[in-house]
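S.K.: Listed here are the chains, written in short residue letters.
Number of protein chains: 2
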Amino acid sequence: MSLLKKNSARLRDEERQRLIWLLTTDKAVTSALLGKLTLAEQYDEGTLVDDLAEVGSLVAHLPPPDLADTLEALPSEERHALWNMVEDDRRGKVLLEASENVWDDLIEDMSDRALLDALQTLDIDEQIYLVQHLPRDLTGRLLASMSPEERARVRQVMNYAHEQVGSIMEFEVITIRPDVTLASVQRFLRRLGKMPENTDKLFVIQRDQTLIGELELKTILLNSADKFVHEVMESDPVAFHPEEKSEIVARTFERDNLISAAVIDSQGKLMGRLTIDEIVDVVYEETDSDLRRMGGLSSEEDVFAPVTKAVKTRWAWLAINLCTAFIASRVIDGFEHTISQLVALASLMPIVAGIGGNTGNQTITMIVRALALQHIQPGNFSFLILREMGVALINGIVWGGIMGTVTWLLYDDLALGGVMTLAMILNLLVASIMGVLIPMIMAKLGRDPAVGSSVMITAITDTGGFFIFLGLATVFLL
Amino acid sequence: MSLLKKNSARLRDEERQRLIWLLTTDKAVTSALLGKLTLAEQYDEGTLVDDLAEVGSLVAHLPPPDLADTLEALPSEERHALWNMVEDDRRGKVLLEASENVWDDLIEDMSDRALLDALQTLDIDEQIYLVQHLPRDLTGRLLASMSPEERARVRQVMNYAHEQVGSIMEFEVITIRPDVTLASVQRFLRRLGKMPENTDKLFVIQRDQTLIGELELKTILLNSADKFVHEVMESDPVAFHPEEKSEIVARTFERDNLISAAVIDSQGKLMGRLTIDEIVDVVYEETDSDLRRMGGLSSEEDVFAPVTKAVKTRWAWLAINLCTAFIASRVIDGFEHTISQLVALASLMPIVAGIGGNTGNQTITMIVRALALQHIQPGNFSFLILREMGVALINGIVWGGIMGTVTWLLYDDLALGGVMTLAMILNLLVASIMGVLIPMIMAKLGRDPAVGSSVMITAITDTGGFFIFLGLATVFLL
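Top to bottom, those sequences are chains Y and X.
At position 337 of the first sequence (counting the first as 1) the number is 337 in the numbering used here, and the numbers step up by one without a gap.
At position 305 of the second sequence (counting the first as 1) the number is 305 in the numbering used here, and the numbers step up by one without a gap.
Some hints here could point you the wrong way.
All copies of an identical chain are treated as equivalent in the list; a pair is satisfied when it fits inside any one copy or across any two copies.
Calculated cross-link-like contacts (lysine-lysine; reagent style DSBU-like; alpha-carbon spacing at most 35 Å) [stated by the list, open to error]: (1) 218 x 312; (2) 309 x 444; (3) 194 x 227; (4) 245 x 194; (5) 194 x 218; (6) 309 x 36; (7) 312 x 93; (8) 218 x 269; (9) 93 x 444.
Since the hints were derived computationally from the structure, they do not count as laboratory data.
The whole structure should be built from the sequences, with the hints applied where relevant.
M.R.: Set out below in C-alpha cells:
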C-alpha cells in the first residue's frame, strides 16, 4: 500500500482500517509487537515480517488523531500492542485525542516517569486536562515540574469541574493593545512567527488584562494598515465565564457560528479562550453520553474493553433492573389467585406492560432532548404534559380498542376485552405522565435527566401495567 | 428588561426565556398577535399592551438563530403568533436556522410568493438547501427567478442527497492564483472588502479551476508580503467530494480540527467549500436522530407539535410494538397448560424477559455508536461478539444464580430455582448475540442501524425469554 498524499482524509480512513485489519486478523502480529515471539519465531511466520513493517510505517505515517481513533477500535491486547509502537514523543498527543474510556488501558504499562515525559510534549492546558482526568494521580508530580508562575495559573484552573468550560479552556492566546495600528499588529505577528491552532481572532486587552475587544484576522486583512485597532475591532465580543457549563456554551457556539471565544473572570480580565475543536468534542460527548446513560450504560464503557471490565461497569444497572423486575414480579404474585382462575391473563399482561414501556420511552427521549436544548421553560410545561396525555389517550383508545377486540374474539370473552382496553388506556396515560415527570424532576433536583431514565420508566410501566391489568381483572372478571 | 450588549450570550438566553414566558403564560398575548383581539379588547387586558411591546422589542433585538431556537420551543399556536412578528426580510435566515421539524408549521400561513421573497435574502446555496427540503415544492419557481448561469450551477448541486456533503456545501469561496505575491493577495482582499463567514483560508486554483492548494489567512499574516502564494501555501489540502457522507466528513473535521475545507469534483476542480458551522449542525442532527430512532421515534417529531401530528408520527412504531407484544403473548398462551399447573411461572417470567431486554439494549446502544464511529471492522467483529457473549455469560451466572436462589427460597422449590437460573443465562446470551447482530446486519444491508433497533431487540428478548423459561419449565417441572 503506497503512502500517498499525507492529508487525504480518505487515504487515512483506509490506513486506519488496514491497521485494524493487520492487528486483528493475525494473532502473531500482536504477539510479536508485545514481545512474545523471538526473532526466529517471527521469521517462521510467513508474511509476519512484512506485516510488522507495514504496521510500523502506518503508525509512523498516521497523525495522532487517527492513531487515537485506531486505538479506540481495537480489543485490549491489540491496543497494547499498537500503543507500544507509538513513539514516546507522540504519546501525549495521542492520549489527548483518544477518548477517556481507553485511557486506563493505554497508560497501564507506562511508568509515572514515562507518562510525565509524554505530557511534557503538550501545552500546559492540555497537560492539566489530562492529569486531572487520567485514572492515575500525577497532579503533584506535574505541578512539581512547573515554574512557580505556571503553577499558580494551573492551581487556579484546576478548580473547575469536568462540565465547566474552565476545564477545557486554552491558555495560549494572542493579545494586542487597542492603540496600535494594523501595520504594527502585522509586524508583531510576523515576529511571533506562529499562531495557536484555530486562531481566527486576536484579543484586545487593556494594560490590566481587561478584555475590551476582539480583532478578527479577517479584519486585519480587509482594512488598510494605517487604521488603529480600536477603530476596527469588535468592541462587544461574546465572552464566557469559566464556571459556565460546556454543553450550554456549545449551543452558543453553534448558534453564533463561533470559531473561538474569550474566557474572562468576574472582573472581565482575559483568562484564556475556547475553540471550536474542543466544542465539537463536547457535542459528540454530550449526545453520546445521553444515548448511553438513558439505557443505563456507563459513559466510561468502551466497546472493546475486556469482558471483566464490561461486567464491572454494567453490574449496577443490571442489579437495579433486576430489583425493579422483581418488584413487578411480586405485583403479579399478589394476583396469583386471579391468574389461577383465568390463565389467559398471564399471556395478555405483557402486552399491557410492553406498550406502556414503548410509549414511556418515546416520551422520555423527547423530553430529555428538549431539556438539553433548553426548550422546556416553566411557561410551556403544562402544554407538554397535556400534549403527551392527549397522545396517550388517543393511542390508548385506538390501539387499546383494537387489542380489546382481538382479545374478545380470541377468548370469546367480552368482559376480558373490555378490561384489556381499559388497562391499555390507563397504562399509556401513566407512561406519558411519568415520561414527562421523571426527567423534569431529575433536572429540577440538579441530576442528569438522562441517567437511567429509560430503566426507571420501564420499571414503572411494567409494575403499573401488571397492577392495572390484573387489578381490573380481579374487580370485573372474578 | 434592558437591552444590554447585543452579543452577550447569557443575555440572549434570558431574552429567549422571557419571550417564551410572555407567549405561553398569557393566552391573550398569542391571541392579540394572531389578530384575534380587537384593539379595544387589547386595552381591556391589563398589562397586555406592555407585554406586546416587549415581545416586539425582543423580536427586533434577537438575532435569527435565537429566534429560530425560540420558535422551536413554542407550542404550535404560540409559534405562529411569534412567526407573525418576524420581519419579512429576516424570515429566510430564521427558517434556515430553525430545525426541519418546525418548517411546515412556520410556512403554513405563507404564500408561495412570500416564501420565495423570504428566500431571496439568502445565499444561493442556502436557498437551494431550503427549497429542496421545505415541505412544499417551490424548486421550479425558484429556478425560474435565477439567471441562466446560476440555474446551471444549481441544477448540478440538486442531485445530491440529504446525507451527502454536496447538499450542505457553500458556493461562496475566495480563490487566488499561485503566482502572485502575498502583498497582492492583501490588496485583492481589501478591494473585495468582505469575506464569507468562517473563512479561515483561501483556495489556490489554476486557470481551469483545479484546486492546487490552500492559503490560510494566518499564513498571509505570518509571512513577509513579497513571498509568492505557491511558496507558502499548503499544497496538499484536505478536500472532499460532493458524494461523500456528511457524517463521515464530520469525523474528519473533528479529527483534523478543520474550520473549512474545499469540495472538488472528480477532476479535482473546485466546486465550493464546507464550513464548521454546517458540520456542527450535522453532528447535532446525527446524534439526535440516533437517539430518537433507536426508540422508534420519527426524527421529524417535534416536541411541541400538536397532539394529532404526534399521533401520526408515532403510530407506526406503536403498531409494530403491539404486533411483537402480541406474538410474545401467543408464545405464553402456548404454555397455558404449564402455567395453570404452576402459577408462580406467570410472576417469574417477566423477570427473565426484562433482564434480557435491558442487556440487549445496552449492547445495541454500544454497537450502534461504534458503527457510527466506524470502529467496527471485519477484523474485530468476532472479538466483539465473543466479548458480549462473555459478559452475558458472567452476568447470567451471577445474577441468574442470585435470582434462582431467591426463587428457590421464595417458593421452596429447588427445581424452579434451577430453571430460573438457566433461563436467565440463556436469554442473556440471546440478548447479547442479537444485540450485536441486529445493528450489524442492518448496516450490511445499507439500512440505518439505529432505526427501531431497540424495539426489535425488546421483541426478541421478550418472546425469547418467555419461550425459554416456560419451555424449560415444561420439560423439567411438569
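S.K.: Next step is simple, just say for each hint if it's right about the structure.
M.R.: Hints versus structure:
1. For the identical chains of this complex, residue 218 and residue 312 are neighbours neither inside a copy (52 Å) nor across copies (48 Å), given an alpha-carbon limit of 35 Å.
2. Taking the closest pair of Cα atoms, residue 309 and residue 444 come within 35 Å of each other both inside a single copy (33 Å) and across two copies (29 Å).
3. Taking the shortest alpha-carbon separations for residue 194 and residue 227, both the intra-copy value of 23 Å and the inter-copy value of 16 Å come in at or below 35 Å.
4. Within a single copy, residue 245 and residue 194 get their C-alpha atoms as close as 31 Å, and across copies as close as 34 Å, so both meet the 35 Å cut-off.
5. Within a single copy, residue 194 and residue 218 get their C-alpha atoms as close as 16 Å, and across copies as close as 8 Å, so both meet the 35 Å cut-off.
6. Proximity of residue 309 and residue 36 under a CA criterion of 35 Å is satisfied intra-copy only: 24 Å inside one chain copy versus 63 Å between copies.
7. When the C-alpha separation of residue 312 and residue 93 is checked against a cutoff of 35 Å, the pair qualifies only within one copy, where the shortest distance is 29 Å, while the shortest distance between copies is 49 Å.
8. In this assembly of identical chains, residue 218 and residue 269 lie within 35 Å of each other by CA distance both inside one copy and across copies; the values are 24 Å within and 26 Å between.
9. When the C-alpha separation of residue 93 and residue 444 is checked against a cutoff of 35 Å, the pair qualifies only between copies, where the shortest distance is 34 Å, while the shortest distance within a copy is 39 Å.
Checked against the numbered hints given earlier, the structure breaks only hint 1 and satisfies all the rest.
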